Amino acid sequence: MSTSDNKRSIIVGIFVFLAIVILIAGIFTLGGQQKRFIESIAVRAVFNDVAGLKTGNNVWFSGVKIGTIKNIRLLGDSQVEITMNIEERVQEYIRKDAVARISSESFIGNKNIVIDGGSQKAAPVEDGDIIKSVSPLNTDDMMETLQRNNKNLAAITDDFKVLSAKVVQGEGTVGAILTDSMLANNFRAMVANLQQASQNTVRASNALTNFTSKLNTEGALANELLTDTTVYSELRTSMAQLKQATTSAAELTNNLNATSAKLNNNNNAVGVLLADEEFARQLKGTMQNLETSTQKFDQNMEALQSNFLLRGYFKKQEKEETKKQEQLKSQPQQPDTTKQQ
Amino acid sequence: MDLSNKNTESTRSRRRYVVSKRLDRIFLELGDVYAFIARFFKELWFPPYELKEIINQCYEIGVRSLPLISLTGFIIGIVFTNQSRPSLADFGAAALLPALISVAIIRAIGPLVTALIAAGRVASGIGAELGSMRVTEQIDAMEVSATNPYKFLVVSRVLASTLMIPALTMYTTLVSLLGGYLNIRQNEQTSLTTFFYQVFEAITFLDLAASSVKSVIFGFTIGMVGCYKGYNSSKGTEGVGKAANSSVVTAMFLIFIEELLIMQVINALRSF
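Going line by line, the protein sequences match chains A and B.
Residue 341 is where the first sequence ends in full-length UniProt numbering, and the numbering goes up by one at each step.
Residue 272 is where the second sequence ends in full-length UniProt numbering, and the numbering goes up by one at each step.
Keep in mind the hints are simulated off the structure, nothing from the lab.
Predicted model, so just to flag it, every value in this text is computed and none were measured.
Keep in mind that a hint or two might mislead.
[As the list claims (entries may be wrong)] Heads up, simulated DSBU-like pairs for lysine-lysine below, C-alpha to C-alpha not over 30 Å straight-line:
| id | chain 1 | residue 1 | chain 2 | residue 2 |
| --- | --- | --- | --- | --- |
| 1 | A | K7 | B | K52 |
| 2 | A | K329 | A | K315 |
| 3 | A | K243 | A | K284 |
| 4 | A | K111 | A | K54 |
| 5 | A | K121 | A | K132 |
| 6 | A | K7 | B | K242 |
[Unchecked claim] Computed footprint of chain A on chain B; a stretch qualifies when at least three of its residues, placed anywhere within it, have a C-beta under 8 Å from a C-beta of chain A:
| id | region |
| --- | --- |
| 7 | 61-75 |
| 8 | 115-129 |
| 9 | 147-158 |
| 10 | 225-237 |
Glycine is no exception: its CB is placed at the ideal position from the N, C-alpha and C atoms.
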């Protein structure tokens, strides 16, 4: 075989090889996208109407494509059973009480199945399970609702047309507002007042801003109270002590009240002393008698000093007194050190 | 008496044809075609396999056609995308353009354009080559020299065409999609990943299989028509031209007929 033949054979080989690579890449991309080469489980759902769903359409769960429609078959009583191929790796997230509904990829796009919900209490779905389904939103129903809305809108615009005609003619409150010049003037004044009020509000808010900025000044009492945790704890302690002092003062007051109440009674010594008038009279008489007795005792004592039996004792005392005074006079006077200092 | 003799002669001459001269000729030619095709399947399995000639023909049909077919496919991808945009944009669905061109190119345009371009280039080439060999009695010489001309000339070319047209279809499809992507990228700023995601989202395995099977049938048709027309060309230089021209026209016509029939079969399969 010549070199030229070899070259041709190699080129043809590369050409065919690349074509096969393109085909295989296409098959694998398509298979990967349609989840054909992934382990999957079959889950079924029964609908009354599948709205044009076809085999191969997608199955979505929480916005993620998790499988495709494997089979569609009619059941008795005009129902349709859908078999979905769902990736095995998402099996644990889909619960037995999940609900399948038919949706659309876009307004004019393909139909698909969307699986919603499922509670954590329910077990994960298994191969061959039938999950609940809800009927799809029918386009005819949508159009019917839209038609009803259109009719309502037409009725509303008719009413509004009558209303606006009355307003233009100056009928009713709104018409009067729009046509009466006096009302307009009042409204203008009201707006001016509102403007004034808003200016006042602005001033008040400025003042409030200043005040709050002062409150926020570092070192100020309010700021300290709001920011310093030590002050707060001390204040709390002081308040506790004050509360205790108040409690003590209240107890003291109660005691004083009780004491004063007792003082007002005659059934105790101090109460009798303070409140009993008869006792006061008796005490006064006793004191007078005591004064009289004292005077008489003085006279008796003077008489005793003159008595010969006791005269010697008193003279001895007089002499000792005299002697002490003389000794005091004979001692030299000491200088006053405290003054000098 | 003379008149009666003339009538008898004309009746006899009419009876030489089963239906009519033209229809008989058509059916005779159909019979020749069936025999020609049957001979291909008969010769295919027995040695010698003429591998060298097959590779040569693969090179001529496949590799040499690649630049022309790739360029055509690329331009068709751009033009088709650009012309489809306004229709989809009217519905506000310009985002579905990748899906549309995917379906159109993979299902139909890829195999069909490849086959038509190959019919123009390959079928005419084979027809002219074999026709000139017939005219210059090279085929007769091969028969005399104990070489099987059918095996060497027809089987190798039909086999090469049947193998190379699917390969060319793969290239054309890819290049057409890239042409479409360039146009979409320029107008919708769609990324390559998103584009190919949407392309494969719109098709199924049945589409890929149908495209491949279709291109195999088209390849066989192109090779077989070219070989038949060239192998059975009439004597003279005029016969070469006729063989080349007839190869292209017949091949293209058959390709469209086959496209129509295959489409019906695929749609029937799709509904299962």
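Verification of the supplied hints:
no., hint, result
1, A:K7 to B:K52, "12 Å, holds"
2, A:K329 to A:K315, "22 Å, holds"
3, A:K243 to A:K284, "47 Å, violated"
4, A:K111 to A:K54, "8 Å, holds"
5, A:K121 to A:K132, "16 Å, holds"
6, A:K7 to B:K242, "34 Å, violated"
7, 61-75, "holds (count 3)"
8, 115-129, "violated (count 0)"
9, 147-158, "violated (count 0)"
10, 225-237, "violated (count 0)"
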